Amino acid sequence: MTDALRRWFGDLSLGVRLAAAGGRGSAVRLAWITIGIGLGVAALLTAASAGSVLDSHEQRTRARIIGAAPDADRPVPGVSPLYSSAVFTEFAGRRFGGEMLFADGATPPKVPGVEVLPKPGEIVLSPALRDLLASPEGTLLLPRFPQRVTGILGDEGLSGPWELHFYVGVERAELPGTSPAYSVGVPPERLYFDPLLSSLVVIASVVLLIPVVVFVAGTARLSASARDRRLAALRLIGADAGQVRRIVAGESLAGALVGLVAGVVFFVVGRDLVDSVSLFGMSIYGKDIRPSPALALLVFLVVPVIAVGTALVALRRTLIEPLGVSRGARRAPRRLWWRLLPILAGVALLAGQHRGMASQPQTALVVIGVVLVLVGLPMVLPWLLERCVRRSRGGPLSWQLAMRRMGAHGGASWRIVGGFAALLAGGIAVQALLLTSDSIHRDESWTPTADRDLAWTTTADSESARRLAERLRTMPGVRRAVSYDVVHAQQPPHLNGPVELIVAPCPALRELTPIQNCAEGDVFSFPEPNGEIADLPPGTEFVLSTAPEGRLSWRQPERVRPIARPAFHAPWSGAGLLITPAAVGQGVPQLQHLVAVRLGEDDPLALEAIRNEIGLTRPLSFSARATPVSDSERTYTAIRRLVTVGSVAALAVAAGGLLVVAFEHVRHRRRQFAVLSATGVPYSTLAWSVLWQNAVPVVLGTGAALACGLGLATLVLNTTPTPQRYDWEAIGLTGAAAVLAVLLATVMTLPQLRRAMRSEGLRTE
Amino acid sequence: MTELLVAKGLAKAFGPTNALVDASMSVRAGELVAVMGPSGSGKSTLLHCLAGILKPDAGSVTYRDAELSAMPDSERSALRRNDFGFVFQFGQLVPELTFLENVALPLRLGGMRRAEAERSAKVWMDLLEVGDIASKRPGEASGGQGQRVAVARALATEPKVLFADEPTGALDSLNGERVLRLLFDAARQTGAAVVLVTHEPRVAAYADREVVVRDGRTQDVELVA
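Those sequence lines, one after another, are chains A and B. Note that the working numbering has the first sequence beginning at 1, numbered continuously upward. Note that the working numbering has the second sequence beginning at 766, numbered continuously upward.
These are calculated hints, taken from the structure and not from any lab test. Treat the hints with caution; some may be incorrect.
Unchecked claim - To be clear about the criterion: a stretch of chain B counts as covered by chain A if any three or more of its residues have a C-beta under 8 Å from a C-beta of chain A, and this derived list gives those stretches:
1. 820-827
2. 884-893
3. 962-968
As the list claims (entries may be wrong) - Below are the SDA-like pairs computed for lysine to any residue, each with C-alpha atoms no more than 20 Å apart in a straight line:
4. B/Lys820 - A/Leu319
5. B/Lys901 - A/Ala21
6. B/Lys820 - A/Ala241
7. A/Lys287 - A/Val302
Stated by the list, open to error - Pairwise CB distance ranges, derived in the manner of DEER restraints:
8. A/Val699 - B/Asp980: 52 to 62 Å
9. A/Val265 - B/Gly934: 20 to 30 Å
10. B/Ser907 - A/Gly242: 30 to 40 Å
11. A/Arg754 - B/Gly934: 26 to 36 Å
12. A/Arg754 - B/Glu965: 58 to 68 Å
13. B/Glu965 - A/Trp338: 49 to 59 Å
14. A/Gly394 - B/Lys901: 31 to 41 Å
15. A/Arg667 - B/Ser907: 45 to 55 Å
16. B/Ser907 - A/Val699: 34 to 44 Å
17. B/Ala778 - A/Trp338: 43 to 53 Å
18. B/Glu894 - A/Pro293: 41 to 51 Å
Quantities reported herein were computed from a predicted structural model and do not represent experimental measurements. Virtual Cβ for every residue (Gly too), placed ideally from N, Cα, C.
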């Protein structure tokens, strides 16, 4: 090692020693920076694991899809066919599902996580579903699972530890129209990742880096006076300016390194907890959370660099001399033009990627645009605050005191607020992106508001449908239940909308809608929901599906009587014909056997009982109720909640930083406060001045963050074809948390302010 | 004796206040110079200019024929680290470090390895009779002990000039006497010149020579032993 290098190392290690040594101030500072950077690093490592989590989730769910591979229906020697159909059910607002299986032979393809495939009347459950059924809250669900449990699904067959999933064995007859499958799983190369999600991960990572900067900037002001004395003492005994900078860098490096270690510990502990605790309903295996090695390395390099860089930047205008430290020398007013450059460049980049302007938006450019805007915001905010403070003239004494103090020494709190604002803006943008990415919410717009009490299910045959309707009629919570069949027909080319053909005997048709005279061979027509009659001249030909895969031609007879639209009909379906079986004539069309149910009062218990009556393998569909999200879809919601919680947590730490600045401010000026108090300025005036001093930057910062965040989200979402949505609840929550943070920081400063106002504060030594 | 440090025609103003007006003095190797004067007369400013901590507005300070004002910060820092030592009234010890680490600090800043620097520091601490509190931190010992540690730190690099600004100002007379005696004895041992700022004639009595500062002007007084 050369002498110069050795001296550099010596200076850095002295800084590390100074960070670790010392009394309460140093311990608090180190703890603060450790927790702050640790949380940031843990969050970054989690973000760096997003790829592996998504990849594993996709792999796991795709690996269990039966018969989806391109050549899955091609017979494989030694493998017997497996018939399956996906099935979903709902319980307590949660949608989950599985597969109905029929193994036609002794050697069916292997289903991941299933030791032995269930035979008819048997079921294999996921551990979470087993636990739910065994728990008191699962009592209501238990009748839906009368099958014999023959196994528990292994990890490899589940997307996460808390997923409710099952494989139920059924008879071949219960799987009509299904093809035999000789393989399970989709080849990995066909996996698809949403580019929106990829950019989301990168943006989230950048947003998460901001707290690291905020923590370091905040801690730089913690025990600042002690630190100033220390640095001046070092200068006195011969440390030159470069050495002092290296010592300061060493101090920050120590915090960053300890923070990195803490971050890894937080990450590992958190990852282990994921298996045993379900965070916001998220179902992820801890072992699937693996940071990308390249990104992890980047985190380990970038965090110390940012920590050291921020500390050195904070020293930029600080003159450390042997007799003391001077900072905040009168400076020229901040200039706007260069501060605006990153934001303008970012906006230009994002606008250039607008779906109307760019043929194919480039994810990298979108990400760079977002980063530029987020980096630019904390640069513009001090200018904005300075302008506001300078323009403030009048107001009560407390306001004037706060404005003057901010004008002279506002830098530290402005930096913290700037970091917090960037974080908040990024959070809002990420929320909007997540909400837009969430396919369930994307489809919410079409959900009609009427007919919320109308539901239906299908059965294997007409007789089963009729019996089920009879049973349902006797159940609490059911107003009416009716069974009928629907024929799927190829539509005549001249029709604008689809026409539904319902086949049922006269008694069943009378259940559907009021019909005065009905005899076998009659045909009736009903209008669209808006009352419009379909243009169906006599002799119109329909091509009906028949089993198996045949075709049957049916011509509309001369005499068709108009009737009222059936009350049981789905509101979005068009016009249709009610046909008595004799009118179908020769041939047997393929019929879908339906039971329509009109429910009474909104009674969740009755609803679960109805679902139990219908059974596991026949889902109850609602015409107008939003379908609860499935487990995998809940992940989006969970991530959004996590982002909200993360934003609020980061805000809490930023508030802590604000508190530190306020503490330091009061401590540093205790003599001035004592003098003001001695000259008759009341405590309330000084307390209000502290409140203004905390509130003004935060309110301005929050406002700027909201404007910037929403603008950013609009710009980013404009690069995608999806409709824009904003999570106002989360935005409101974060705003409220900002106000709370200000109040809390102020209230916690008041005792110190009261102490500072005592007459002892007048003493100089 | 050789003149180590020479100040000529120094002027220094802080805003409208003239701290030094045409002040001159010199320090010879190994001698003990007391800078006397009433409060606010400019004694400390003169010491800071002599040590290269403050740049005078006018005049010059030369150390071994090298002009301090012309030196870059790094050279002046090196001078403070290697050739000068400082003992102030209070505040010059780093509170986060132990006394031993404090004494070793200038040696480490000069590039000496930690173990070697601490070995050397311990020798000085023993000499100043504070070896037993080596592992304590400032604040865990008395003011007198703290000042003796400061003296040990100032002498650890075996400086050519030791600047002491009211070193006993915060101590009672008994502890003050002890600190001064140890300081002068140790300085004589190393051959270091001492520039001692004080307003106490009792302290100045130890000096070979006295410079009186009044309203920023100096007056040299040769004392007869």
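Inset, instruction - Three residues minimum, CB to CB under 8 Å: does the region 884-893 of chain B make the cut for coverage by chain A? Let me know. - result: Coverage by chain A is violated for the region 884-893 of chain B (0 residues, Cβ < 8 Å).
Inset, instruction - Indicate whether the distance between the beta carbons of B/Ala778 and A/Trp338 respects the range 43 to 53 Å. - result: Violated - the Cβ-Cβ distance for B/Ala778 and A/Trp338, about 37 Å, lies outside 43 to 53 Å.
Legend entry - Consistency of beta-carbon spacing, B/Glu965 to A/Arg754, with hint 58 to 68 Å: Once the Cβ atoms are compared, 40 Å apart, the range 58 to 68 Å for B/Glu965 and A/Arg754 is violated.
Inset, instruction - Given the hint that B/Lys820 pairs with A/Leu319, test it: the Cα-Cα distance must not exceed 20 Å. - result: With Cα atoms ~15 Å apart, B/Lys820 and A/Leu319 stay inside 20 Å; holds.
Inset, instruction - Starting from A/Lys287, check that the Cα of A/Val302 is at most 20 Å away, please. - result: 25 Å, violated
Legend entry - Distance restraint evaluation - A/Arg667, B/Ser907, Cβ atoms, bounds 45 to 55 Å: 26 Å, violated
Legend entry - Given coverage of the region 962-968 of chain B by chain A, checked by CB-CB distance under 8 Å (3 or more): violated (count 0)
Legend entry - Distance restraint between B/Lys901 and A/Ala21, which requires alpha-carbon spacing of 20 Å or less: 12 Å, holds
Inset, instruction - With respect to the beta-carbon atoms only, verify the hint that B/Glu965 and A/Trp338 lie 49 to 59 Å apart. - result: 56 Å, holds
Legend entry - 20 to 30 Å as the expected CB spacing between B/Gly934 and A/Val265, which holds or is violated: 49 Å Cβ-Cβ, so the 20 to 30 Å window is violated.
Inset, instruction - Go ahead and decide if the range 52 to 62 Å is satisfied by the Cβ distance of A/Val699 to B/Asp980. - result: 53 Å, holds
Legend entry - Outcome of range test on Cβ distance (B/Ser907, A/Gly242; 30 to 40 Å): 36 Å Cβ-Cβ, so the 30 to 40 Å window holds.
Checked against the numbered hints listed earlier, the structure breaks hints 1, 2, 3, 7, 9, 12, 14, 15, 16, 17 and 18; every other hint is satisfied.
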